[in-house]
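Engineer: Sequence:
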Amino acid sequence: MEEKRKQQEMERKKQEEEMEKMKSEQEKRKQQEIEEEEIKKHHEMEKMERKKAEGRDGKDEKRAGRKGEGRTTRERRGRGRPTRKRKGERKRRAG
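Sequential numbering from 1 applies to the sequence shown in UniProt numbering.
One or more of the hints may lead you astray.
What the hints assert, rightly or not - Below, a list of computed lysine to aspartate or glutamate pairs in the EDC-like style, where the Cα atoms sit at most 20 Å apart:
1. K28 x E44
2. K21 x E33
3. K23 x E33
4. K28 x E11
5. K21 x E11
6. K28 x E17
7. K13 x E2
8. K21 x E2
9. K52 x E36
10. K28 x E18
11. K14 x E25
12. K14 x E2
13. K4 x E16
14. K6 x E18
15. K41 x E25
16. K47 x E35
17. K4 x E20
18. K47 x E36
19. K30 x E46
20. K14 x E33
21. K30 x E11
22. K30 x E20
23. K13 x E25
24. K21 x E37
25. K28 x E9
To be verified - For each label pair, taking beta carbons as the anchor points, the in silico distance ranges come out as:
26. E20 x H42: 50 to 58 Å
27. E46 x S24: 30 to 38 Å
28. E33 x M1: 42 to 50 Å
29. E2 x K40: 52 to 60 Å
30. I39 x R5: 48 to 56 Å
31. E11 x E33: 45 to 53 Å
32. Q8 x M45: 29 to 37 Å
33. E17 x A53: 32 to 40 Å
Please keep in mind that the hints were generated in silico from the structure rather than gathered at the bench.
C-beta: ideal position from N, C-alpha, C; glycine also.
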């Protein structure tokens, strides 16, 4: 009778230890996920700050009444600066 009781107590202790291990592992995983999310947010914030420092925020929308603000359609499409029109360029292209 006593042996059975001892055996049951040992089994109960083992189960409790296993449960504690599982809980601690779960908490560690949750903590790690939270840390990863914080790192991602921080990275995104740095990215946005860098973009602002470069001066690219809101440049592709032209402000009314101010010539030269913003970028031309051609620049927005990624072809760089628009080419300068030279004196006889239209005639050359036409014929």
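Engineer: Against this structure, judge whether each hint is valid.
Structural biologist: Status of each hint after checking the structure:
1. K28 x E44: violated, 24 Å
2. K21 x E33: Between K21 and E33 the Cα gap is close to 18 Å, so the pair holds against 20 Å.
3. K23 x E33: Holds, at about 15 Å.
4. K28 x E11: Since the Cα atoms of K28 and E11 sit roughly 26 Å apart, the hinted pair is violated (cutoff 20 Å).
5. K21 x E11: holds, 15 Å
6. K28 x E17: holds, 16 Å
7. K13 x E2: OK: K13 and E2 at ~16 Å, within 20 Å.
8. K21 x E2: violated, 29 Å
9. K52 x E36: violated, 25 Å
10. K28 x E18: Roughly 15 Å between the alpha carbons, so the hint for K28 and E18 holds.
11. K14 x E25: This hinted pair holds, its Cα atoms lying about 16 Å apart.
12. K14 x E2: holds, 18 Å
13. K4 x E16: Holds. K4 to E16 sits at ~18 Å (cutoff 20 Å).
14. K6 x E18: Between K6 and E18 the Cα gap is close to 18 Å, so the pair holds against 20 Å.
15. K41 x E25: Roughly 24 Å separates the two Cα atoms, so the pair is violated.
16. K47 x E35: holds, 18 Å
17. K4 x E20: The given pair, whose Cα atoms are some 24 Å apart, is violated under the 20 Å limit.
18. K47 x E36: holds, 16 Å
19. K30 x E46: Distance of about 25 Å is beyond 20 Å: violated.
20. K14 x E33: The given pair, whose Cα atoms are some 29 Å apart, is violated under the 20 Å limit.
21. K30 x E11: With a Cα-Cα distance of about 29 Å, the restraint between K30 and E11 is violated, given a limit of 20 Å.
22. K30 x E20: holds, 15 Å
23. K13 x E25: Holds: K13 and E25 sit about 18 Å apart, inside 20 Å.
24. K21 x E37: Not satisfied, since the Cα-Cα distance of roughly 24 Å exceeds 20 Å.
25. K28 x E9: Given pair K28, E9 is violated - Cα atoms ~29 Å apart, limit 20 Å.
26. E20 x H42: 50 to 58 Å: With a Cβ separation near 33 Å, E20 and H42 fall outside 50 to 58 Å, so the hint is violated.
27. E46 x S24: 30 to 38 Å: holds, 33 Å
28. E33 x M1: 42 to 50 Å: holds, 48 Å
29. E2 x K40: 52 to 60 Å: For K40 against E2, whose Cβ atoms are near 57 Å apart, the range 52 to 60 Å holds.
30. I39 x R5: 48 to 56 Å: Check passed, 51 Å falls within 48 to 56 Å.
31. E11 x E33: 45 to 53 Å: For E11 and E33 the Cβ distance comes to about 33 Å; the hint is violated.
32. Q8 x M45: 29 to 37 Å: The hint (29 to 37 Å, Cβ to Cβ) is violated, given that Q8 and M45 are roughly 56 Å apart.
33. E17 x A53: 32 to 40 Å: violated, 54 Å
Taken one by one, the earlier hints fail for this structure at numbers 1, 4, 8, 9, 15, 17, 19, 20, 21, 24, 25, 26, 31, 32 and 33, listed in ascending order.
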